[in-house]
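Chains H and L, in that order, give the protein sequences.
Quick note on numbering: this note's numbering labels position 130 of the first sequence as 130, and the sequence is numbered without any gaps.
Quick note on numbering: this note's numbering labels position 260 of the second sequence as 260, and the sequence is numbered without any gaps.
In case anyone wonders, no lab produced these hints; they're calculated from the structure.
Heads up, some of the hints might be wrong.
[Claimed, not checked] Label pairs and their in silico Cβ distance ranges:
id, chain 1, residue 1, chain 2, residue 2, range
1, H, Pro137, L, Arg114, 32 to 42 Å
2, L, Gly139, H, Gln52, 48 to 58 Å
3, H, Leu306, L, Ala23, 52 to 62 Å
4, H, Leu28, L, Gly15, 49 to 59 Å
5, H, Arg21, L, Ala168, 52 to 62 Å
6, L, Asp353, H, Leu231, 24 to 34 Å
[Said to hold, decoys possible] Distance condition first, Cα-Cα at most 30 Å in a straight line; then the derived DSS-like pairs of lysine-lysine:
id, chain 1, residue 1, chain 2, residue 2
7, L, Lys103, H, Lys235
8, H, Lys235, L, Lys169
9, H, Lys33, H, Lys123
10, H, Lys235, L, Lys132
11, L, Lys169, L, Lys132
12, L, Lys134, H, Lys235
13, L, Lys210, L, Lys132
14, L, Lys221, L, Lys210
15, L, Lys109, L, Lys134
Quick reminder that beta carbons are idealized off the backbone N, C-alpha and C, glycines included.
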Amino acid sequence: MTDTQPDTAPDAGPDTRDEERAEERRHLERREKWIRRLPLLPALLFTIVITQVPFVFSLFYSLTDWKIIPPTPRTFIGFDNFTDLVDNQFFRDAAWVSVVMTASAVLLSLILGTGIALLLDRKFFGQGFVRTLLITPFLVMPVVAGLVWKNQVFSSQYGVINWLLNLVGIDNVEFVTRYPLWSIVIVLVWEWTPFMMLIILAGLQGQPTDVLEAARVDGATNRAIFFQITLPHLKPYLELGTLLGSIYLIQVFDQIEVITGGGPDSSNIPFFVFQRSIGGGWDFGAASAMSIVVVIASIVLANLGLRVLSGLLEGEDPA
Amino acid sequence: MAEVRYEGATRLYEGTEEPAVNALDLDIVDGELLVLVGPSGSGKSTALRMLAGLESVDQGGVYIGGRDVTLVPPKDRDIAMVFQNYALYPQMTVAANMGFALKQQGVPKEERVRQVREAARILDLEPYLDRKPKNLSGGQRQRVAMGRAIVRRPQVFLMDEPLSNLDAKLRVQTRTELADLQARLGVTTVYVTHDQVEAMTMGHRVAVLKDGFLQQVAAPKELYSRPANLFVAGFIGSPAMNLITVPVEDGVASLNDLSLPLPDDVRAEVNRRGLKEIVFGVRPEHLELGQEGTSGEVAVVEELGSEAYVHVRIAHGAETELIVVRVGGETSVTRGDFVNFGVTGANHYFDPDGDRLDAKPVPGAG
Chain H
1 MTDTQPDTAP
11 DAGPDTRDEE
21 RAEERRHLER
31 REKWIRRLPL
41 LPALLFTIVI
51 TQVPFVFSLF
61 YSLTDWKIIP
71 PTPRTFIGFD
81 NFTDLVDNQF
91 FRDAAWVSVV
101 MTASAVLLSL
111 ILGTGIALLL
121 DRKFFGQGFV
131 RTLLITPFLV
141 MPVVAGLVWK
151 NQVFSSQYGV
161 INWLLNLVGI
171 DNVEFVTRYP
181 LWSIVIVLVW
191 EWTPFMMLII
201 LAGLQGQPTD
211 VLEAARVDGA
221 TNRAIFFQIT
231 LPHLKPYLEL
241 GTLLGSIYLI
251 QVFDQIEVIT
261 GGGPDSSNIP
271 FFVFQRSIGG
281 GWDFGAASAM
291 SIVVVIASIV
301 LANLGLRVLS
311 GLLEGEDPA
Chain L
1 MAEVRYEGAT
11 RLYEGTEEPA
21 VNALDLDIVD
31 GELLVLVGPS
41 GSGKSTALRM
51 LAGLESVDQG
61 GVYIGGRDVT
71 LVPPKDRDIA
81 MVFQNYALYP
91 QMTVAANMGF
101 ALKQQGVPKE
111 ERVRQVREAA
121 RILDLEPYLD
131 RKPKNLSGGQ
141 RQRVAMGRAI
151 VRRPQVFLMD
161 EPLSNLDAKL
171 RVQTRTELAD
181 LQARLGVTTV
191 YVTHDQVEAM
201 TMGHRVAVLK
211 DGFLQQVAAP
221 KELYSRPANL
231 FVAGFIGSPA
241 MNLITVPVED
251 GVASLNDLSL
261 PLPDDVRAEV
271 NRRGLKEIVF
281 GVRPEHLELG
291 QEGTSGEVAV
301 VEELGSEAYV
311 HVRIAHGAET
321 ELIVVRVGGE
331 TSVTRGDFVN
341 FGVTGANHYF
351 DPDGDRLDAK
361 PVPGAG
């Protein structure tokens with residue numbers, strides 16, 4: 001600092017001015033930060049009110065025994081609802097359905113979406129038209145999608161598949177009854193493939209062409225280019241698709257309600273929560289506990305999915 | 001290592017009238033560094049990409065080492081290319097980038113590592129082998145792109161403006177290193193640039209393109225001293241050649257007070273073509289300030305230290321023209337002075353349509 005120098009020692013002016021300036025600068029920075037945050041505040045408050053507050057209520061309910069029919073007073077029972085879940089065969093089945101349904105629907109729609117995106121990522125006549133058509137399944141209401149598939153595709157009486165099977169001499173198959181879980185997974189994949197396709201297509205179009213040209217000049221085959229250059233480039237997009245897909249698909253309800261009505265081997269945890277609460281069980285304490293488990297499972301599953309995916313794509317050997 | 005030949009090679013982009021590269025004939029000898037130079041849109045990059053196989057050849061053919069590669073895909077052409085933006089593989093380390101081509105050829109890992117190390121040593125890249133491209137500076141990325149090319153020992157190097165993303169100082173330095181590396185490796189190289197200084201300093205021969213047509217192929221010195229047409233005369237050289245349209249009468253051209261008797265071959269050509277006007281060209285170093293000659297007012301003096309360029313405004317018909325004269329660094333001429341200047345030699349004469357008027361076959365020019 002300058003105060004050791006003899007010629008500035010008698011006058012402490014510059015030092016105080018520096019401090020004043022620093023104080024003023026800090027003040028301005030604080031102001032600047034608030035100006036940046038302030039416009040976000042209403043949205044933040046709104047989000048907290050409609051998501052976090054109900055979640056806190058759910059947390060509280062999950063620790064109580066609270067049945068409405070027959071009406072009983074709410075009593076605090078600690079973690080009993082959670083420990084009961086472990087022994088509940090119906091809940092375990094629903095949990096397994098959740099895992100299979102979410103994982104297979106995400107994986108299949110991701111693979112299909114990537115395939116279609118690769119086909120779309122080239123110039124051809126009518127490209128925009130085809131792309132728009134391919135997106136439509138994602139725009140269809142889940143209930144409508146479920147109904148269309150159930151009545152027009154899977155149905156043993158009016159379904160397209162059975163009609164085709166009859167043409168080649170195969171007897172009717174009751175798809176929804178015999179394969180309830182996979183019937184729902186197929187509808188979910190049909191709806192979510194366009195979503196994955198859009199994300200992957202964005203990724204493909206963000207890939208610099210000169211890198212692909214360099215790989216071609218370097219002697220790479222199309223296969224090698226895809227697996228060694230394009231797929232690693234798509235990693236963040238695949239991760240995003242997995243994350244968003246998992247979050248949405250773990251809470252599927254409409255398609256189950258419409259297609260199987262929650263019959264055996266097709267009811268996931270959210271559906272089971274519905275059945276145990278307003279869907280007829282009226283046991284809000286236990287249902288809240290289950291929904292808490294779904295939230296925790298979602299977080300764990302999404303993280304796990306991301307880690308697995310990153311691990312798959314990280315495996316690249318040096319030199 | 002191989003020679004390269006373009007034979008009437010033409011590229012016509014869909015939906016355009018004029019070919020981007022128009023019937024290009026060019027022979028590049030083994031081990032040569034040939035520079036393709038021209039303004040943007042001249043077709044120089046397209047010509048290079050046709051050789052790489054990244055653009056299709058619509059007419060004519062392309063040969064590498066005597067083999068017709070016109071329809072051969074890029075991966076089977078045994079070439080290596082350095083791209084303007086380097087096109088490094090972003091997810092791979094420097095070592096993986098450099099070893100990528102070898103990996104595609106199925107070279108065993110130990111051999112790959114050895115060759116990558118060798119190339120990295122030549123280019124001073126050894127400390128960076130484990131880094132990803134995003135953690136490198138522009139100059140280092142450029143060297144990785146070079147390394148990726150040399151590690152393969154290809155028959156031909158293709159370079160598409162490899163220095164244009166470097167800052168001025170690094171560009172000059174890398175230019176020399178690159179030319180030296182090419183000479184040491186002795187690999188035939190086709191180098192594209194829009195920078196005529198780069199072309200002149202690096203090329204064994206330089207091919208000038210404009211609007212898809214080859215204008216002239218010659219050694220830098222010849223290109224400078226005997227430009228084949230008006231375009232080459234104006235394009236090559238910095239500052240550019242003074243080009244001014246002058247009237248001709250009885251075999252003598254006149255620029256204001258300057259009489260310029262035409263050489264016999266030029267005079268014959270002017271008469272044969274029946275020209276009343278020609279374009280007179282003279283480089284700044286072939287003009288001299290003095291007592292004689294024509295006069296004008298100094299508009300600008302560009303001081304470069306060792307030399308200076310004096311821009312003199314002269315009357316030319318109803319208009320004025322700027323003529324650039326090179327003088328020594330210690331000149332006392334300043335803006336607003338009236339000066340006289342004369343011609344000391346090495347004049348160029350062109351038909352206003354572009355042709356050089358004393359054009360005669362020059363031995364050695366391709």
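Hints and how they fare:
no. : hint                            : result
1   : H:Pro137 - L:Arg114: 32 to 42 Å : 53 Å, violated
2   : L:Gly139 - H:Gln52: 48 to 58 Å  : 51 Å, holds
3   : H:Leu306 - L:Ala23: 52 to 62 Å  : 56 Å, holds
4   : H:Leu28 - L:Gly15: 49 to 59 Å   : 56 Å, holds
5   : H:Arg21 - L:Ala168: 52 to 62 Å  : 38 Å, violated
6   : L:Asp353 - H:Leu231: 24 to 34 Å : 56 Å, violated
7   : L:Lys103 - H:Lys235             : 22 Å, holds
8   : H:Lys235 - L:Lys169             : 38 Å, violated
9   : H:Lys33 - H:Lys123              : 46 Å, violated
10  : H:Lys235 - L:Lys132             : 16 Å, holds
11  : L:Lys169 - L:Lys132             : 25 Å, holds
12  : L:Lys134 - H:Lys235             : 17 Å, holds
13  : L:Lys210 - L:Lys132             : 39 Å, violated
14  : L:Lys221 - L:Lys210             : 20 Å, holds
15  : L:Lys109 - L:Lys134             : 25 Å, holds
Hints 1, 5, 6, 8, 9, 13 from the earlier list are contradicted by this structure; the remaining hints agree with it.
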